[in-house]
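Residue numbers (the UniProt record's numbering), protein chains in the order written: chain C, 1 to 305; chain Z, 1 to 320; chain V, 1 to 323.
Hints should not be assumed to be uniformly reliable.
Cβ-Cβ distance ranges computed for the label pairs, FRET-style [claimed, not checked]:
no. : chain 1 : residue 1 : chain 2 : residue 2 : range
1   : V       : H164      : C       : G303      : 26 to 36 Å
2   : C       : G204      : V       : V142      : 36 to 46 Å
3   : Z       : V115      : V       : R303      : 51 to 61 Å
4   : C       : G204      : Z       : R198      : 37 to 47 Å
Rather than coming from a laboratory, the hints here were simulated on the basis of the structure. No residue lacks a Cβ here, since even glycine has one placed at the ideal position from N, Cα and C.
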Amino acid sequence: MIVFAASDKGGTGRSVTSANLAYRRALAGDDVCYLDFDFGSPTAAAVFDVPGAVRGVAEGGLHSHLQGRNTEPVRIDVWAETEHEVLRHRPAGAGSLVLLPGDRSGGEFTVGREALRRCVDLFLRLNGEFDVVVVDLSAGRSYAIDLALEATSRPEMRSVPARWLVYHRWTRQHVIAAAGLVFGGRGIVAGGVARGHDEERLRGAIRFVRAAVPDPESPLWSQVPPAQSAWMRKCDQDLEVLAADLDIGYTRLLGSVPLEPVLQWREQLITDEDVLASRIANQETLQALEELAERLTGDEPWGQP
Amino acid sequence: MTDAVFRETAAEHRTQSLPLSHLSLEVGHLYMEDFEAGPERLREHFTLVRPWVDAVRAAAPAGSGKRPRISTCFLVDDYFSRFSTPAELVPMLLAEAERCGLTIDYLARESACAVADGVQLAESVEHRLVESPPPGSDGSRPPVKEIGWLANGERTPGVERLEAMANDLPSWRPPTETAARRHSVFMDVELWDDREQRRTWSCPFLAAVWQLARLGLLRHNGEAVLVPRPAPEGSFPRDWDDLAPLTRLNPAAQPFAAYRTCSVLPSRFLPVEHAVRVILGQVEVDPRALHQVAERSGREGVPVPEAVADRVAHVFYAGG
Amino acid sequence: MRVPGDPAAAVLLCGEIRTCLLQTGRSLPASAARDLLRLRAGERVRVSERPNLHVVSPDLLTGVDCRLPTGTGARIRAVGTVTARAVLTEGRVLQATARFGCPGGGPDTRRPWGSYLVRPGVVEPLGRLPVRAVADGVLADVRRPGELDLGAVAERLLGEVQRHPLLDQRVPFKSRRTRLRWAALRAPDGEGPSLGRFTLAEDGLRTVELRLPEGTDPAACASLCEDLALHDWLLTTLVRLVERSRLGSADGHEAVMALRPAVDHLLHLWMPRARVDTTLAPLWEVLEREPGFTRQWGTLVQRIRDQLALQAIPLLREALTAR
């Protein structure tokens, strides 16, 4: 299946969380591929700790592939090339984990017929090779989103399962922006329908991921004064009401990721090691990621029997 | 492989060979409005054509001192517009030609260059277009054939690859003819249009198919196409669709297809025939058909030029 | 049959083959395979049903005017056409081949395009051809921008076929495509064909260097390389399926389920030399001795069959006791 990761604004942890999901799926035995479609600023390689591709590769990345400048986009076998000491040891039973980086000097580009054809061919080809293909799209309305919508609207892509993850922070502004990105006048749904997508089917393939969510029940906040605690609960409830009003409430929620310094600051994969041995990451975060990764490929969270 | 015990015919190449004249001479290519203008117009046309036909016949090489085999042909446009019936027009055409001392051996309908006997000739030729690559073509760029145009060089660049924030925003560049002699004569030929879900082939494209048919280079699944049929017993049909795609009017005619072609046309056809040349220069014909023609012409001592477009000649007369 | 433009005079034949699983749930029967590979109106798709189903598309040409890849970095401009075709084996494994032949030299300037078109599959250098350098360039794993890109031609053809509406994109198992590049130089006078090198590089790239007697049909050379590429892909794919099934360590039943697609779709495809020209067949023998393609395949197949048999024993016992 192809998973498109979108967000309306930057700072939602889209790349780092998606990379963690890809990693979790690979640990679970899936063959996983991660595509850096963030044409404005390709940085996914940093999350996987792959040297030489940290701000995209010098040449041969996805941008130049889509523009027909290179036939073989660069592929990085994360297990083999990462400098992350834990990742370097591929656990038995883990699937492949491959990164297709962007070009360092990428930049957005218009979607021509040729770029579209190459994009469809690339998706079909990767779908034949990997169980999960994660496509990290640029923040906001972008050509990358147009390209993804256009490619998936093609008849030859019809039977390739596609799922959309929309990341947003758990704040009033972000909730409104995320709903706008999906349901707004120039949003993903409208853009998809204009390209021939079935509205119900496309809506059914979109789920939201709440990022950097402070959990009022977490032990982290157990020491705060009662007034502050009550206020936090109130804010959280208000946001739930707002989200439900904007149709991005529970039924469209894939999961939440707690506020986590390792995700925020280090912007890297969270390994079991980080939680169990060095204890720099929280158990809750790991659990949330594991759960998300499971729900990502499950059928039930996506309303499928 | 032919000496093998086991053979599968569906797994082999095969290409039917055709009888061939030395020269296919086209004595007219007329539109319905020419017929509409009445027998006088036809008479005027044949009078102007006659001396050129004689000249072409005199100049035709036969090899080994024999008389050249020449067949004449005439193309009627029933594709872009229709007028009257074959029953009325064909006898008039033949009478006027005869009055000027010309024999028309074969009569073809222009629509047969699009579809003949159920075979999509134009489409199969379109699938055989191999565009002349401008310098720098390394195989990574796909052919642009889906757009329905064919050029003799490189077009002004479009916006396909405009990249946001790229520093090298392209400025306008003129089109260029590939392998031009210093200055370009750029030509871009429309091959077809699609309107109301119907594809209409352009006049130059059908004319290119016509030339390939006359050169004996068209095949469908290896079989001959546009095979001439004898003229109907009695009168010609009352509907163009009932007329054979290619009719042999003269039972004693030499073969329709030939090593070379020559067309005698009014000069207003010049741009169309330039376009035909641009198309013929970029068609890859069946290599086995090509081989049959080259081999036999060589054996007769009249070898054909290597490039297909060079086997086609024109005489343009003033007026009309 | 010799046709004009037959690059028999070629001193170098080069090509690239991409091999992959056809992206569809069931293998295609002959009639559907014929429709799939009808890439050109009015031209026959060749279908052979013995000893296995083998369908070959018409040849498609791509015009090129660019530098040839060279091992030395020398800039050699060449003009001509690259021939590409798609081949489908048993309605299941798809290959796209792009190839060209090069004569030893050509005129110093580009000729009219029509002259190149009558020599399909020939790319003619402007000036003299440094044979060794170009062979090295073709086989190299990196390609400099602007140099002839056989891979792009093959890839585009593969994409065109894989996008076909006849295919449902529901593959029975995930697999990776492989690339095989070959360069065939002329064998010394009086010597037969020989296999110089067969290299398995990382990233699914294989390279083959051959020496062929003068006058060898380029299509026969392509068929040989397609056969090598097909069997190399089968072996690579089966090795990977067995590896992923964790045969020997995982629960036996699970491993068998993971190997099921191999049994359904791959095991019957092994048939080396099925369509290799008799004069070139000895080249296969070399690979059978070292590294022993068929030996490795046989061992893998035996492992799978043993596992299936082991799993069948409890079922058999159940069936017997249920009586």
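Quick rundown of the hints versus the structure:
The given range of 26 to 36 Å is respected by H164 of chain V and G303 of chain C, whose C-beta atoms sit roughly 31 Å from each other. The supplied range of 36 to 46 Å is met by G204 of chain C and V142 of chain V, whose beta-carbon atoms lie about 44 Å from each other. At about 57 Å, the CB distance of V115 of chain Z to R303 of chain V agrees with the hint of 51 to 61 Å. At about 38 Å, the CB distance of G204 of chain C to R198 of chain Z agrees with the hint of 37 to 47 Å.
Every hint, counting from the list given before, is met by this structure.
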